[in-house]
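Whenever a hint applies, use it, and build me the whole structure from the sequences.
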Amino acid sequence: MRAKWALLLKVQLLGLTGIGKLRRSADPKMRRRTVGFLAAIGVVGLIVVFYAVLLAIGYCEQGLGPVLPSFIAALTSLIVFAFSIFQGGAILFSVKDRDFVLSLPLSRRAVIGARLACSYLTNLFFVLLVGLPVSVVYFAHEGITAASFFTVALVLLTSPLLPLAVGAALGTILSALTAGLRHKNLLQSILSVAFFVAVMAASFSLSFSSGSADAIDLSAMYDILVGSIYPPAVLVQWTLTGGKVWGVFAFAGLSLAAAAAFILIVGRFYDRIAARLSAHPSGRGYKRKEIRAASAFGALVAKEFRRLISCPGYFLNGISGSILMVLGAVFLLFADLSALDQAGISLQSDAPKLASAAAGALILLTGLSCPAASALSLEGNSRGLLFSMPVSARKILLAKAAPTFLINCAAGTLLAVVFCIRTAMPAAGWALCLVSVFLASPCVALAGIYFNAKFPKYDWTSETQVAKNSAPVMIVSFSAMLLGIAAAGLGFLYGYPVAIVADLLAAALAGLFFFLIRKVKLNV
Amino acid sequence: MEKPILEIEGLTKIYTKAKRAVDGLTLTVCAGDIYGFIGQNGAGKTTTLRAVAGILPFEEGEIRIDGHSVRSDPVACKQVTAYIPDNPDLYEFLTGIQFLNFIADMFGVEKNLRSERIERYANLFRIADDLGSLIGTYSHGMKQKTALIGALLHEPKLILLDEPFVGLDPEAAFRLKQVFRELCDKGSAIFFSTHVLDVAEKLCNKIAIIKGGRLIASGDTQTVRGDESLEQVFLEVLADDAR
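Chains as they are written, first to last, in the numbering used here: chain H, 6 to 529; chain S, 44 to 286.
Please note that the accuracy of each hint is not assured.
[What the hints assert, rightly or not] Computed cross-link-like contacts, DSSO-like style, restricted to lysine-lysine with a CA-CA straight-line distance of at most 27 Å:
hint, chain 1, residue 1, chain 2, residue 2
1, H, Lys-526, S, Lys-62
2, S, Lys-60, H, Lys-459
3, S, Lys-60, H, Lys-34
4, H, Lys-524, S, Lys-60
5, S, Lys-254, S, Lys-220
6, H, Lys-400, S, Lys-154
7, S, Lys-154, H, Lys-294
[Claimed, not checked] Derived list of chain S stretches under chain H, where covered just means 3 residues or more per stretch with a C-beta under 8 Å from a C-beta of chain H:
hint, segment
8, 95 to 108
9, 122 to 133
10, 137 to 145
11, 149 to 162
12, 167 to 174
No wet-lab data here; the hints were simulated from the structure.
Given the structure is predicted, the values throughout are model-derived calculations rather than measurements.
Beta carbons: idealized from backbone N, C-alpha and C, even for Gly.
Rendered as C-alpha cells:
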C-alpha cells in the first residue's frame, strides 16, 4: 500500500498541473486549452534554456567553467528562497482544502511532508529547467566522469530543499506572528519584503566591502553569489575542484536535514499555528457610516486593489517587479556611480547606451509585475457572481488590468526619474526611459489579463500557486524578460534605435491585446 | 394578461456530445410569479439558472428577460436580474458593507436608496451588526443572507435563486418568503430551484418539474398537483417518465 502522504501529494499534483482534468475531460475546448497551455510553457521553457546556455557559455569563455554547478546551485537556491519567503504560510496553511485534509486520518507530519514535497517538485521543475542545460554546457566544456555526473545530479536534485525549508519556515513565522493583527496581510507583505531586502543588503555590503569593484565581471558575480549570499554552494565547489568528496554529501545532507527538521518542528506546532492563523478578531458591532458611491468601473478597480492586498502571496508574487523597481530607485539614490567610470563607461558620451539599457531593464521589471495575469483566475468560485453583473466582459477585464498598469507606471516612473537624475541623462534619454515605462505598463497589463482569460485556472487551492506558477504569469513574465534582456543588451551596444524598436513593439502589442480583449467572453 | 418577465424557448445546453444537460426547455415566468423549479440532482436545474443568468453559453434556443435577449443583449438582461447560486462564494476579502456597496455600485443604485435598503434588509435578516466584519469570517448562513441582501438592493424584475433556503435559519427563511411575496406584489418575478417540496408547494404559484434536462410538467401549482401533495406528484411523474 502506498504511503498516505504520497497519495495526498498525488492528488495535489493532479490539481496543480491539471493532468487529472485533461485525462478525464471529454470537452474538446478544454483539451485545446491545455495543449495551448503546454505549448506556451514549452516556448517559455525554450527561452529560459536559451538564456541559461548563453550564461553558461559566458562563464566557460571567461575560464569559469569549473564553478558552473555551484554557481547555478546558488542562483536557483536564492530564487527559490525569495519565492518561499514570499509564499509564507501559504505553502502549508492558506489552502482551501485544509479543513478537509486535516479531517483525514493522516499525521500532521504526513500533511506537511506532502505539502512540502509538492512545493519541492514545482521548484525542482524550475531548477532543472535552468540547471540541466547549464550542466550540459559544463560537461561539454569540462568533460564528464561518473563522479562529476553523480555530483551534479545530486546537487540539482537536493538544491531546492534547503532554501525552500528555510524560506517556508521564515514565512510561516512571519505569518504566525502577525496573525492576530488587523492589517495582517499588508503587514506580512511588508515584513517579507523588508526581511528579504535585509538579507540581500547584508550580503551585498559584505561582498562590496571585500573589494570586488568590478560588478560586470562574471567572476565577481560568482564571488558575491556563492561567497556571500549562498555559502552552502561552496561545498559543491570543494568536491568538483578541490577533490573533497564529502563536500557534495555535506551539501545534500544539509538540504535533506533542513527539510526533515522543517517537517519535524512545524509538525509539532502545526495545529497551534493553524488555529492562530484561522482565528478571526471577534465581531464588533457595525456602526452605520456614510456610504461612498462609485461608478461600476471604479468599484471594480477598487475591488481589484483590495484583492491584491488581501493575500501576501498574491501581492508579493504579483508585484515583485514593481518592488524591485522601488528598491532599485532607493539603491540608485545612494549608489556610488564612480564604479561605472572604472568599468570604462562615461555618463556623458555613453548616455544613449545607458538610457537604452535602462529602457530594456524597465521593460523586464514591468513584465515581472503582472497581477493581471492571475486576477481572473483568482475569482475562483466567486466568478459566477462577477459574470452575472450588468457590465461588459471588456469592462471587467480592463478593471482587472488597471492595478497592474497603475502600479507599474508609478514604480517605473520613480525608477526612471531617479536613474535619469543620477546619471544626468539628456532630454532624449529622459524621454526614452519614461516612454518605455508608459508603453510597457499597458502592454504587460493587457497581455496579462488577455492570457488569463485564455488560460484561466479557477480550481486552485492556494492563491499563491496561481499568482506564482500559473501559465499566464509565466507567459507574460518570460516574454517580457526576453524582450527586456534583448533590448537592454542590444541597447547597450547600439543605443537609442534598439530601445525605440522595443517601445514600438510594446505599443503594437498593447494595441493588439486591447483589440483582442474586446472579443473575450466570460463564462463559468 | 400577465406580463412575461422571463421567456425560455427551446433551451438546449450540451456539455458533451453524449448528453444534453438541458433539452429543448420552454417556459415563461410572468410578473408576480413565484416559480418553483424542482427536479432530481443533475436534472438540469442549475444549468438552466446559469444560462438564464447569462453566465453559461447555450447551444440552442432563446432566453429573453424583460424583452431583452440574453444572447444578444446580456448586460441589459443582467441589469434587471439578480442571481444567487446555491453556494454563495462571496468576496471573502471584503467586509459585508463593502460587498453590498460594491454590488450597489455595479447596479448603479442611488446613494440614498442603497443606504436605506441595506439598513432595512440587514435588520430584517439580523445581520446589521456584522456588516463591518470580513465576509471570510461569516458562517454559511450569514453569507447566504449577505448574498440575498445584495440581490435585493436594485429591486430586480427577476430574481434567480438556486436552493435559496439551504443554510438559512428558520426565521431568515420565513423573512425571505415574506420578501418574495412583497417583491412579487410590486411586479417582480422569482424563479428558484429547490429540493424542499413542502416549501415549493406552499410558496409557489407555479411549478416546473425537470428530469434529464427535459421539462416533465409545468403550470399553476394547483393544476400540477391536483388533489395530491406535490411530493406524491413529483414521485409519480418521475416514475411515469421512467416507464
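Hint numbers not upheld by this structure, sorted from lowest to highest: none
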